[in-house]
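J.: Listed here are the chains, written in short residue letters.
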Amino acid sequence: MAEMTSATSVQRPVTTMQSKKRSEMLAGYGFVAPAALIFLVFLVIPILFSAYISLTNWNGITPLTSEQPYEYVGFDNYAQLLFREGTRQTDFFKSLKNTVYYVLGVVPTQTILALLLAVVVNQRWLKAKGFFRTAFYFPSITSSVVISLIFMWMFTRGGLVNRAVGALFPDYAFINWLDDPTGVVHSILGLFGVNLRNAGDWATAQFAGMRVWEWISGPSVTMLTIMILNTWTTIGTMMVIYLAALQNIPTHVYEAAYVDGANAWQTFRKITVPLLRPTTFFVVTLGLIGTFQVFDQIFVISSGGPAKTTLTIAYLVYSNGFKNSAMGLAAATAILLFIIIFAFSILQRRIVSERADV
Amino acid sequence: MATTALPAPKSGSAVTVRRILAIIGVGFLVFFAFIEIVPFVLTVANSFKCLPAVQAAPQAFIPLPPFGISCQTETGSVRSATEMTDGIAFNPTTEGYQEVLRQNLGKWFVNTAVFAIWVTVLRLLFDSLAGYALARIKFPGNRLLFFIMLGTMMIPGVVLLIPRFIILKQLGMLNTYQGFILTLAADAFGVFLMKQFFESIPGEIEEAAQVDGASRLTMFFRIVLPMATPALTALAIFSFQGTWNNFMDALIILGGNPDLFNLPLGLALLRGAYGDTLRWHTFLAGSVITTLPLAIIFFVFQRYFVEGVSYSGLKG
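Protein sequences, first through last, are from chains A and B.
Residue numbers for the first sequence follow our numbering, so the first one is 13 and each next one is one higher.
Residue numbers for the second sequence follow our numbering, so the first one is 35 and each next one is one higher.
Derived pair list, reagent style DSS-like, types lysine-lysine, alpha-carbon separation capped at 25 Å:
(1) A:K335 / A:K320
(2) B:K172 / A:K32
(3) A:K33 / B:K172
(4) A:K335 / B:K203
No wet-lab data here; the hints were simulated from the structure.
Chain A extracted, bound-state conformation:
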């Protein structure tokens, strides 16, 4: 704060161009200083330092001030995660697989549902718009831990969801939502009589620490539950964003389409969706960033289980660093996660801009 007050003490009568410029500069630095200092200490330095730690075998416990807290191991942590066969490689690719299924399941679902809901709420004849907006937005203000607890309670074996479905369909066998490692794609293949034994040689082929059969498992039932939870929570935010964008589309655009004889589907497909493209880009980016980092829900509901089917990259970072005392490895995992999210954002930007040319 001290440097800011210095700007006020500049004497007015003797102000020349030079001193005025200097006091502006001081004011500028003074105003930015507190925020910049916090960013520097708690963001920039830590990130650079953590990039360095990822090249060591620090366990996170030995004080950094001690004699030799760690050894420099070069890119060994990255090699363990990516190339060297072993649990660490298997765990990393398992978590990558789980996370990608999670993202690919949640992001399109929540985006499409949010868009459709926003279009309905935006209709002029709809009553109680405020009510719907509130109802859909409320989950977004609720703590992720609280929502995870509520979902656990509803999805336990003897819980509300199973009972409600059971009441509607008497033949329904209760699903053990919170503790079932069966992959959804495996279950579907099973319906057609395909399993690991009769699938053929491709299924047992080994790739990056897992058999191909494991790669194509799809999300487990438990992961699916967490995907439902995430979609349920975020639809509201996405819908509100879409709604704001919809209200910015001038009515005369729709009037013109109407005069030209466009039907509801054509109007939606040829006018609403293209005009919302920037919003869709934003919503999908938000979704990608959010889902790639899924952590709180995993921590509360499953801790990565059953059978590591809900182990996500973010949870792996945490468990490597704080449970397995391999902070260097965890730092390397975090940096790989950053690179993956970054790559996906660029890929998505490509896809959206390509579509725009069509």
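Please build the complex by placing chain B on the supplied structure of chain A, with the hints as guidance.
T.: This is chain B only, laid out in the frame that chain A set:
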């Protein structure tokens, strides 16, 4: 689809199609609204039940007197579901709340409020100061600073988990109030929001004040900040809500000292301590207590929540 209110439709069949679409649309909307609301209604209802009734079907959700019954019957056994519910009505008890309050929840509640208030106040001050300087004051490095801040917005929170732990450990600020508050005391999104806002208001008033000899600091607090109320409100809401619900940073920074836990961390670790035999009425009571303050703020300031989200969306 948004054209229903327009002049004379072209043909009868088009009208019928529109009607059918409207019915499907409303059905879809009501169905999802139901799904979004019901879990909250049932959470509140079940937080006032004894454990056996929490898992009972059908779910009772209408409270009837006598209120405040005991979960112990006269014979000393736990009151069964049928002893406290009748169809969709039930006799409420506060034992879930009493049990969760015995778990230090009061302390966590105070911590959560202290964290949320401090972080919000500091962010309002630091973010608006920085946002104003980046928008209005010319100084060397202005644009570079802005791009660095924008860059940090792209870094996912999970990636910061380890770096933050390391630096706070080095500074001796793990498991301290300051460690948690200072880490969150400024955020790039807030700076960005304030900068955008200050650029959108005309600069003439400030120029006039400058001619009168007011310093930047006086001008900022006397003239600029009062004009920024809408942006400050949005920022305050985001910060308060984000800090109130913060779990990940709390886990890393405060996880070692139960006296410093906030509500999400306390509840999450309590769930871990209970293992698989969860006392649901207790957890649901804890969930209600955690959510209630934000719910009240949400219903009072609803407009700002929705506007804030819309604003960030349009800017993106």
